[in-house]
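A.B. asks: Each chain, written out:
There are 2 protein chains.
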Amino acid sequence: MSFIAQLKAAWQKNNSLLCVGLDPDPAKFPAHLRGKPDAIFQFCAGIADATADLACAFKPQIAYFAARRAEDQLEALIAHIHDKHPNVPVILDAKRGDIGSTAEQYAIEAFERYRADAVTVNPYMGRDSVEPWLAYKDKGVILLCRTSNPGGSDLQFQKVGPGGTAIYELVAEMVAKDWNPDGKYAGQLGLVVGATFPGEIARVREIVGELPLLVPGIGAQGGDIEATVKAGKTAAGTGLMINSSRAILYAGKDEDYAAAARQVALETRDAINRWR
Amino acid sequence: MSFIAQLKAAWQKNNSLLCVGLDPDPAKFPAHLRGKPDAIFQFCAGIADATADLACAFKPQIAYFAARRAEDQLEALIAHIHDKHPNVPVILDAKRGDIGSTAEQYAIEAFERYRADAVTVNPYMGRDSVEPWLAYKDKGVILLCRTSNPGGSDLQFQKVGPGGTAIYELVAEMVAKDWNPDGKYAGQLGLVVGATFPGEIARVREIVGELPLLVPGIGAQGGDIEATVKAGKTAAGTGLMINSSRAILYAGKDEDYAAAARQVALETRDAINRWR
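Those sequence lines, one after another, are chains A and B.
Going by my numbering, the first sequence opens with residue 736, and the numbers climb by one from there.
Going by my numbering, the second sequence opens with residue 736, and the numbers climb by one from there.
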């Protein structure tokens, strides 16, 4: 099944636009997991099992695994999610970006080695840096557009051309049109737009039609749920993967961490649904 | 020793501006290495040993290792270079880019796990995505500026502001000035500028003063050595890390591949030196 079909099915089945971000930081793990050789896998699998009926996607952040030589635990985690929760697609948050044969190697890493359903990619190197990813017809490629951090404006908010188009708008246009001739890759493409800029979410939605938007920045980063949903939802009341990581992962500090995570995920899903 | 001090010492000791790119593709390995469990390490270590007195840097591309679950071989390779060739710094070509705590994890991956001396980073997410890397005072952070691929122009050649500054020029200005207040990080920063655009190498050199430039695109990608060196060298005749990967790595197809690689590296180094 293609990424977009998986995503649509998960939006409907779980009545959810919530993406659960998996950024495992062992220093924040409950005591009963600390020191275990597969603590990262155990922690994340516990979160996934507790929230799989509340999420439209899981988003493991590869840096948290790579910093600790835990690639094998990332492989095991994604395999676990595919096995136990086949209805919830996995977005590998890797923000890769390179050209030609190197981009092909990164695509092998994300899609063949880790078996992710989608990946985040940086657009700075342009169209031919994205094409090797799009060769995988069933996979999603979610390009950075407007990021939620303060420095995001350094480049993304620069204005180009006579109309003063911002770079983030240009990226949205390129991804929706130039890099997607005749809608050829429409079911494969998505964009990252931070929740800290609802006005810009609305602008991106205007440019890209139904393209799914991955929206980080609610929860710990302070983005507003009402404003995000109103700005980003499609006519069908979907089109969004609203990510929360830390607020869910570290809701509890003890053996009941997964139950605490479930409670926050439930509240977040429902808070999102209030504005759909 | 800091990255810039290592680089300056290697420029001088080896009389070389050549960076040897390590992009190991097992399908192109000589027959005697194929099927060996540590073939990637063996192949790359052979290249490093054969070219260490001819290079100012080695640049392993992490995707080639990650696609094959060969992180352990990348660790072993960098440890081997540090041990046997301590005068030649290692640039981990990873083109990472993320924010806050995630960027910190990537920095741990590159600098603590792999012990790279420098890393390539994508500037799209702006200043605060770069700062966690700069916290490592002895390490180099080489930002993508003008890449050598056709799609590089999609964003990098967009013109902003009344003067029509191209995005790649803006990145050069930000890295040299805004992101480097009072020259605080001068010895840590560098830029990637492709050899396929000599006019733009010259423009970047004009903007950034003595900042080192990593220049991919000679050899297999067709960039011109004379034009690259003339456009990019500093007054001291240095300032460049001119990368060649495939033309060196796959110069020979048999057991003598390392000797063949040495010959091409020698010719390339000398061809570069002709124009310094």
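Heads up, some of the hints might be wrong.
A pair counts as met if it fits within one copy or between any two copies, since identical chains are not told apart.
Unchecked claim - SDA-like cross-link-like pairs, simulated, lysine to any residue; straight-line CA separation at most 25 Å:
no. : residue 1 : residue 2
1   : Lys763    : Ala870
2   : Lys819    : Gln747
3   : Lys919    : Asp788
4   : Lys872    : Arg803
5   : Lys872    : Gly781
6   : Lys988    : Ala766
If you're looking for bench data, these hints aren't it; they were derived computationally from the structure.
A.B. asks: Next step is simple, just say for each hint if it's right about the structure.
C.D. replies: Hint-by-hint comparison with the structure:
1. Lys763 with Ala870: Answer is between; shortest inter-copy Cα gap is 23 Å, intra-copy 38 Å.
2. Lys819 with Gln747: within (18 Å within a copy, 58 Å between copies)
3. Lys919 with Asp788: neither (32 Å within a copy, 50 Å between copies)
4. Lys872 with Arg803: Close across copies (22 Å), not inside one copy (32 Å); limit 25 Å.
5. Lys872 with Gly781: For Lys872 and Gly781, neither the intra-copy (31 Å) nor the inter-copy (38 Å) Cα distance is at most 25 Å.
6. Lys988 with Ala766: Within one copy only: 8 Å inside a chain, 54 Å across chains, cut-off 25 Å.
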